[in-house]
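A.B. asks: Construct the entire structure; sequences and hints are all you get.
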Amino acid sequence: MHNEQERIISMINQIAENNISAGDESAVATIVAGHVKKFWPRRMKNMLKDYIEQGGPALHPAALQAGKQLFEESKA
Amino acid sequence: MLQHFDPNKDYGTPASLSEKQVTLEIDGVEISVPEGTSVMRAAALADINIPKLCATDNLEAFGSCRLCAVQIEGRRGTPASCTTPAEQGMKVSTQNEKLAKLRRNIMELYISDHPLDCLTCPTNGDCELQDMAGAVGLREVRYGFDGANHLDAPKDTSNPYFTFDASKCIVCSRCVRACEEVQGTFALTIDGRGFDSKVAAGQNESFLDSECVSCGACVQACPTATLSENSLIQMGQPEHSISTTCAYCGVGCSFKAEMKGDQLVRMVPDKAGDANHGHSCVKGRFAFGYATHKDRIRTPMIRDAIDQPWKEVSWEEAIGFAANRLKSIQYEYGRESIGGITSSRCTNEETYLVQKLIRAAFGNNNTDTCARVCHSPTGYGLKQTLGESAGTQTFDSVMKSDCVLVIGANPTDAHPVFGSLMRRRLRQGASLIVADPREIDILKTPHLGDSVHLPLRPGTNVALINALAHVVITEGLEDTDFIAKRCEPEAYAKWRAFIAESRNAPEAVEDVTGVPAESVRQAARTFANAPNASIYYGLGVTEHSQGSTMVMGIANLALATGNIGREGVGVNPLRGQNNVQGSCDMGSFPHELPGYQHVADPMVRSRFEKVWGVTLDDEPGLRIPNMFDAAIAGHFRGLYVQGEDIAQSDPNTQHVEAALRALDCLIVQDIFLNETAKFAHVLLPGSTFLEKNGTFTNAERRINRVRKVMPPLSGKEDWEVTVDLANALGYPMNYSHPSEIMDEIALLTPTFTGVNYEKLDKHGSLQWPCNNEFPIGSPIMHVESFPTLEGKGHFAVTEFVPTSERASRRFPLLLTTGRILSQYNVGAQTRRTENQVWHHEDKLEIHPHDAEERGINEGDWLGISSRAGQTVLRAHISKRMQPGVVYTTFHHPGSGANVITTDNSDWATNCPEYKVTAVQVEKVSQPSEWQKDFAANHQRQQKLLSEAGASSGE
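The listed protein sequences derive, respectively, from chains G and V. When the count follows the working numbering, it moves up by one through the first sequence with no breaks and lands on 702 for the last residue. When the count follows the working numbering, it moves up by one through the second sequence with no breaks and lands on 957 for the last residue.
Hints listed in this document are in silico derivations from the structure and should not be mistaken for laboratory results. Source: prediction; values computed, not measured. You may find that some hints are simply not true.
Listed below are the simulated BS3-like cross-link pairs for lysine-lysine, each with C-alpha atoms no more than 30 angstroms apart in a straight line [what the hints assert, rightly or not]:
id	chain 1	residue 1	chain 2	residue 2
1	G	Lys671	V	Lys330
2	V	Lys795	G	Lys663
3	V	Lys711	V	Lys263
4	V	Lys403	V	Lys447
5	G	Lys663	V	Lys497
6	V	Lys795	G	Lys664
7	G	Lys664	V	Lys613
8	G	Lys664	V	Lys497
9	G	Lys694	V	Lys497
10	G	Lys664	V	Lys330
11	V	Lys613	G	Lys671
Derived list of chain G stretches under chain V, where covered just means 3 residues or more per stretch with a C-beta under 8 angstroms from a C-beta of chain V [as the list claims (entries may be wrong)]:
id	stretch
12	637 to 644
13	667 to 677
Going by beta-carbon spacing under 8 angstroms, a handful of chain V positions derived as facing chain G [said to hold, decoys possible]:
id	residue
14	Glu339
15	Phe501
16	Thr552
17	His594
18	Glu622
19	Pro623
20	Gly624
21	Asn629
22	Ala633
23	Glu802
24	Val804
From the three backbone atoms N, C-alpha and C, an ideal C-beta is built for every residue, glycine too.
C.D. replies: Written out as C-alpha cells, the structure reads:
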C-alpha cells in the first residue's frame, strides 16, 4: 500500500523509465517535466518539490532533474 | 428520422450495394434498383408486397417456402422472387389466378399442420403466418387435421428469456440462418428430413445446454410464435414503442423499447440503429429486469456515520445535508479537500454536469471517471500519436478489412454485437491475428482465410507490438508513401532507428513474450501486406503498467503500414462501458475540460469561465488513486460518486475501502446499494437508462439518443439531482431538459459544435467531430490530415519496460482478469436478472498442468494470494489458459477479485494493471478473511438499509 510520497516517487520514476529512449538524461528529464506539469495536481507537485528540497534520494536521475527543471520554471 | 429505407418494413432480402442500376417492370410499375437486388426486394421498394414466409431482409434469400413465387415474361414456371435477381428489362407479375392458387395451396399445407389457437397465441396480432393466410385468402384446409402432424411437439422452456414451441414451427429455417448469418454461433440446425425435419439446438440439446448465446436473433427472425419472448407470452402485445440506446457495453446498440403504458414488454434491436443494424446480445435484448428489481433504491437516505442505520428523507433534506457537509469540509480543510467521480454509465449530459459541478461549484479540478481504470491510456496514447483521443473508424468499417488484428480484446464476450459483425467478415475470408494469453472464442470462427494466435505472456504486449513493427520495417513492408505524406518526419526517423534495433526482433523477444518468432513474422507480413488491415483492442492493452506505451505502439503499427484514414483500416479501441467515450469527451479527467481541452490553457479557460460565470483552477486535479491516497492521508474528505462502484471495480480493494472509510462525506448516487454505498453517508437514488433522456457516445464516437420510456422510480433523472446539488451549494444551474445541456456542450466543445437534439433526431446518430467542417459528423477520422499542430501523425518511441509485478517463487502464477458474455462489469445490473443462470459465480480458470501440480480438481475451493491480499474461488480447469497463467472475472462482489489485484498502474495515466498479478494458488477449505469480513459487512449494511424501511437487498 502506498502513502502519498511513495506514490509520487514511484509515479515519477516510472515516467522516467518508460521514456528512457528519448535520448540523454536531459532529454528524458524534459519529457518527465512536461508530463508532470501537464497531468499532476498542485498538491502532488508541491510534495515533489518538498521531496526534492530534501535531496530526492529515491528519485531516478532523470526524474530528479525533471523536478528541478520544473521548479526552476515555476520560479521564473 | 432520415433513412434511406423504412426500418419498420421488411423488404424480404438484403440490399445490394452495387452502384449499377437495372430497370424492370413489376405489375406494370417501372422501378430501378441496384444490380443484384432480388425481385422480391425490388417489388417491396415499389410497395408491391409479395407474400413470403422464409424470407426476411437481414438474411440471405433461401427460397424454401415457395410462397413468393412470381411469373416472369419469357421464363418458364414460377420462380421464387426472393432468389431471383432483378434484371434489366424484366417484366414480372406478382398477382394472377395461377399464383394465387399456388400460394393458397402452399398455405393450406402449412396450416394443416399448425395449431389453430390464434386467439390464445402469444403472437396473435403480430404473426407472419397469420398475415400470409390472410394475404393469400386461405378459406379452407381440405386435408383436415387428423393426419400425422407435429401438434404435440414439446416446448423447450430451458432458456429463461424465450420459449421454443416446436408445435408452431413451419421449418422455414429463419432461426437457423439468423444464428449462422447474423450471430455467427451456428447453434441451431435442421435435424432430419422431410416430415421429420425439425429445428434442433446443439446436438439435439435444450437451448440452454446448447452453444446458444441467447442473443435473440432467432426469436426476432421467427415468423410464427415458435420462438417468443417469455415477457411477451406473459404480458401480450406492446401498444407503443420508443427508440433508445442500450446501457450495457460500448457498442451502443439501438433498441425499440416496446411498451404497454409504462411497462416494458420487450427490447427489440432497431434495424435503423447504425451501430447494430438490428442485432443484439443477451444483455441488451433480455437483461433489463434490474430496472424494476426490488433492490432499487427509491428514496434518498442519509446517515451521520457508516455504522448507523439509514434514514429515509425528502430530496430537499438529502441534498441540503450533502451540500452542508461538503461546504463545512471545504471550510475546514480547504477548497481541494473534496471531489467527484463521473460515470461512464450515465449520459453525456449527466457526466458534463458532474464535472461542471466539481470545477465550478466545488472550485477545483478533482474530477475523474471510471475510464481511469479502463481506457485512460487510449486517451493519452492516441492523442500523442494521432492527435485525438478516440478510435478512428465505424464498426461497419470491419466489413472492408482484409486483415483483422485483435489484441487484448474478447469481442464475442465483451462486445458481442460487434463480435458478430467481425465474425461475418472473417467468414468472408479476412485474415485473423489474435494476440492474447487466452485462446478466445473469435479464434473458433470458421473462415476462409488464415488465422494466427500469438499466445503472449501477460505483461509483454509492448515487446510483441515492437517485434511486429520491427518486422515491418526491417523487411521493407512499410508504406513509404503514406509515411512521407502523412507523418511527421523527425519523429518517424527517431522511431525507425529505435524499432529497427535488433533487440526488438521477434527472435530477441521470444523468451519474453513466449510467442515463437516465426509466428510473429508471419503475423507482421500478413498484416502489412493486406490491402486493408485494422487493429481492434481492449482492456488487455490498456490495463498494464505500459498501457499507454502499447496504445502508442498500436498507432505506430497502423501509421507505418498506412492503415489510417479510410474504411477497412484504423485503430479501434473497444470501449467497455456504454459511455466510456462520452465520459472522456465530456471533460471528466482532472486535467481536461470537455473536448480534451487542457485546464492550463488560458484561452480555453476563459471561454468556459464566460459561460459558467466562475474563475476556474488552472492546475489539474486529483486522479482516483490519488484521491484514495489523499483520503488516507487525511487531506481529501468529501466525494460525490455518480453511478460508479469504485469499491468493487477498482484494484486493491482493501486500500480502496480504507480510503472510503476515511471520508467525512461520501455521497453515492446509484440505482442500488452498491459496494461503495456501504461506505456512504448520503445515498441518492439513481435512474436507469429507461427513465431518462440524454445521449451516450459509443466506441465509434457515435452519439446516440437515450429516450425516457418510463418515469424515474425516485422521481428524478440523474441530471436533475446534480442540478439540485449545485443549486444547494450556491452555484446556480438552470436546465429544463438535457437538450439544453447538450446545447451548452456544443457551445464549448469544438468537436461538438454541430450537435443538437433536433439533428440527432433527424439523423438517428452523429459521429463526432460534428461541426462546421463536418456538419453531419465524421464516420472515419484522419482522412486528409491529423488534428496535430502540423497535421501529421506522430510516431512515438515505445520502449518496453517490464512490469515490476513478476512471477516469483512465492507467487509463481500470473493472474489476468476479464469479462464474460452474460455478466456486465461489477454485475450490479446483470446479477439482478436471469443472466445469473449462465454465470452465478466467478471462478478461477487454471491450466490442467498447474492444477495437477497442486492436486486441484474441477470445482475445488482455491485460495488465491498476491502481495495485495487473498481471496477464495472455485477452480475451473481449462486449456484456454497457458500453463503459468490463471484467469478470473470480477462480476460478483463477494469473489474479491480486486482484493488480489495490486496498485501497480500505467506510467502515464495510472490505469491499474488488472491484467498482471503474480499469485499463488492452493486448495483451501474456507473463505478468505476478507470474504468473511465482506459477508459480515454486507449483512450489517443490508440490515441498516432495511431499518430505513427501504427495499431489502440481495
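A.B. asks: List, from low to high, the hint numbers that the structure doesn't satisfy.
C.D. replies: Hints that this structure does not satisfy do not exist here, as all of them hold.
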